[in-house]
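J.: If you want the building blocks of each chain, they are given just below.
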Amino acid sequence: MKIVVFIQQIVSTQVKLQGVDYFDASRVSVDDLVINPTGKNAIEGALKLKDSQGAEVTAVCVRGNKPNKALKEAVAMGCTNAIEITDEAFYTDDPYLLAKIYAKALDKIGEYDLILLGVEEQSSSSYAAPAMLAEMLNIPSVLCAEEMETINQGFKVGHVLEGGKKVVAIPQKALISCSDSQYFIPRYTTMRGILAAKKAVIPIWSATDLGLEISEISADAASLKQISLSNIVIEKETFLIKEGEPEEMVDKLLAKLKEDEVKLGA
Amino acid sequence: MKTLVFIQIRDGKIEENTLGILNKIKTSIDGAKIIGAFLGKDLKDEWIQELGLHGVQQVVTVDAPELEFYLSATYTRAMMEIINQINPRFVVAAGTVYGEDLIPRLAVRNASSCAQRIVDLTIEGDSLHFHTPVRDDQAMRVTQVVGDIIFATSRPGAFFIDENPSGANPEITSVSVTFEDADKLVKHIEIKKAERTVNLKDAKVIVAAGRGVAGKENFQIIRELADLLGGQIGATRACTDVHWVEETYEIGQTGQSISPDLYIAAGISGAPQHMSGVKAKTLIVINTDEGAPIINYADYAIIGDMHVILPILKEKLK
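Residue numbers (the numbering used here), protein chains in the order written: chain A, 1 to 266; chain B, 1 to 318.
There may be inaccurate statements among the hints.
Pairs of lysine-lysine, BS3-like flavour, derived with a Cα cap of 27 Å [as the list claims (entries may be wrong)]: (1) K44/B to K2/B; (2) K165/A to K2/B; (3) K44/B to K256/A.
Covered stretches of chain B (chain A as the covering partner; in silico rule of three or more C-beta atoms under 8 Å from a C-beta of chain A) [unchecked claim]: (4) 229-236; (5) 295-307.
Some chain A residues well away from chain B (every beta-carbon gap over 12 Å; in silico) [what the hints assert, rightly or not]: (6) L49; (7) N81; (8) L106; (9) G110; (10) S177; (11) Q182; (12) A197; (13) S228; (14) E247; (15) D251.
Source of the hints: derived by calculation from the structure; they are not laboratory data.
Quick reminder that beta carbons are idealized off the backbone N, C-alpha and C, glycines included.
Next up, chain A with everything else stripped away, as it sits in the complex (with noise of 0.2 Å):
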């Protein structure tokens, strides 16, 4: 079985980058870059397919514009490839443009059988890729899965459903979009991958490569136009105890509580 992944590379949640400073590029440095969370779900997901039952992962990655560690990682997890599609004038701030940039990129792939990328994104752009490009390459997809298995000729997937979970028979050939569920937790590296991860040779592959021409899709290509972006300010004053031993802190907690006459309890 031939399974692509795609991973995006994000600013690490840990990186202490408040709103609007985070979407700026020049104030991220390299060591804050890491796969988007849900990429590595999906990652685990085409995993434990390739340990059960032999498969080719080929991770890819549309980088930013800064050098790509995702794609080591997603090696050194136990990836088989790992593809790296760069080009100053992609934008992907649209999904639809993120979508088409991903199907050219399976197009020169060549075959492939399945299709796993994580739900959501922080930048929150590429909520919709998934569906846009299960769309795009007319193939049925399962989105929000919770939990997959192996039947006849395809997989039952289960997924995320307002008030429970839906359980659906989707073909092999197929693109399912992987959530942050128990059965996606993702592996850690291990050394003999992070090996392989130094020695692997990863390929670059430009809009050119894809045959796409920069007018598809740069920025000036978007239907999805952002017209700006800004913090947002919650007015709340948060009452915060940060120091001191944890009796002290729940001391001052209700010090606090009692003074501003909370009532605990129903």
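Put chain B on the given structure of chain A with help from the hints.
T.: Below, chain B alone, put in the same frame as chain A:
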């Protein structure tokens, strides 16, 4: 502006975020013609009347056995049929799991993109501006969709329902759709409804935990504290997914919505999917991560380990 709203049903009723969108459009877009796209099997008259009450002027129905359960391909085909006949300027759905699946597909069919999870829409000149919180709700991105048809989804919990709706009965148009074998590649097996044996909606005090609780056994302290305060326990989907606690206690977009006087949230990061179901008068947070989004919503926060803090809190409250 001709506005087509994807109508969703949940638990035998019109889904509340869909009603929220209807109210938002009614109050924000002057002269909007609101058309409901209502797909399913055995659609009930009472639903159609309720849509009229909430301001839908025309309901376009596709009533077919193939639409008994949501499947991407059948629903996309039926919606495209409606779009082609109605020719709307704006197409919008509540950002439920289904809405977030459907709208991007329709956008692709129209060679366009979509705005997602909007919490507000404003009119600037003759264009719609969409407001979407990003980066764990720390920043607001305002966007515009360029194209003949504008597509968007709303964030669950973003819009209020009109409590005193007074619309008239809508015009009803029925559309028939021919489905193809290719639409049936994904097969519905079952819907496992989460058992909602405990109603958290009316609870005055809720003590809840997230992934940070790190194990089933650790829910004991959550239960003890809730008992002591005469409240209920709650959890994020991460906890119910791994059966650390029964699924009835799930709070958030895919669980129950709550509005307690006091909400104690321990080891909960505050992802939008969780927070969209929380409206608490007083929020007390216990979390090791000062950067967790939930801190922004907290009235009181202790930056510390819940496993250490909660037992002390319990003893002192006794």
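J.: Checking each numbered hint in turn, tell me which of them this model violates, lowest number first.
T.: 2, 3, 10, 11, 13, 14, 15
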